[in-house]
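J.: Sequence:
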Amino acid sequence: MHIDYYFSVVSDWAYFGGERLERLARRHGATIRHKPMQLSAVYAQTGGILLQQRSTQRQAYRVTELERWRDHLGIPITLHPRHYPVDDIPASCAILAAQELGMATGDYANAVLRAIWTQERDISEPRTLDEIARGLGLDADAILQRAQAPHIRQRLADNTREAIGHGVFGSPFYLCNGHLFWGQDRLPFLEDVLAGRVGACAGAPA
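First residue of the sequence shown? That's 6 in the numbering used here, and the numbers climb one at a time after it.
Hint data in this document are derived by calculation from the structure and do not stem from the laboratory. Ideal Cβ positions, reconstructed from N, Cα and C, are used throughout, including at glycine. Mixed in with the good hints, there may be bad ones.
Listed next, with one range per pair, are the computed distances between beta-carbon atoms [said to hold, decoys possible]:
no.	residue 1	residue 2	range
1	G140	Q50	27 to 37 angstroms
2	G204	P131	15 to 25 angstroms
3	G204	A147	39 to 49 angstroms
4	D92	V68	20 to 30 angstroms
Kindly generate the complete structure, drawing on both the sequences and the hints.
T.: Have a look at this one:
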């Protein structure tokens with residue numbers, strides 16, 4: 006079974022769910038198709054509001070929820086990282102490049118998320134993306150070179166359009182067997198699908 010994983014490389018909630026998704030997929034023998042997307046473009050088409058444009062009440066409650074989930078999951082997070090918001094295109098393209106080169110895409114994507122949310126690193130900088138790749142034993146030179154290819158940037162745009170077409174409006178989203186789930190707190194529902202406790206949605210691909 007496949008999971009199409011639509012996520013933003015700067016998403017705090019994708020950070021909370023990323024490694025848990027990988028473990029969940031391994032547990033059930035599922036494969037993950039990592040599909041980084043541009044959340045700003047998704048929001049523009051689906052009515053979302055970028056964090057810095059939200060009301061003070063909404064921004065404050067987001068922090069409260071992050072604190073609750075941090076404590077509930079036992080996953081550390083920096084609530085106000087130094088390099089956030091940040092340009093997501095370089096890291097998104099690097100992840101797509103690693104994927105195209107057959108490298109450990111999930112490991113790289115989750116390391117990028119950790120770089121923002123626990124290490125306060127600037128993922129828009131090629132040096133940071135290089136160091137992350139090398140820390141995982143990946144060919145950083147190959148990744149960064151491939152990330153500059155025009156077709157990689159096009160794949161990012163294609164992922165974004167595809168996500169919107171499937172009904173995605175935030176990050177993370179998981180699509181599996183015709184079922185669409187929004188948010189890391191829906192991972193138990195995704196597991197129900199992977200475990201066969203919930204059948205395919207009507208119209209899901211065979």
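J.: Can the suggested window of 27 to 37 angstroms be confirmed for the beta-carbon pair G140 and Q50?
T.: holds, 35 angstroms
J.: Indicate whether the distance between the beta carbons of D92 and V68 respects the range 20 to 30 angstroms.
T.: 23 angstroms Cβ-Cβ, so the 20 to 30 angstroms window holds.
J.: Does the hinted range 15 to 25 angstroms hold for G204 and P131 at CB?
T.: violated, 46 angstroms
J.: Is the gap between the beta carbons of G204 and A147 within 39 to 49 angstroms?
T.: With a Cβ separation near 42 angstroms, G204 and A147 satisfy 39 to 49 angstroms, so the hint holds.
When each numbered hint is compared with the structure, a violation occurs for hint 2 only.
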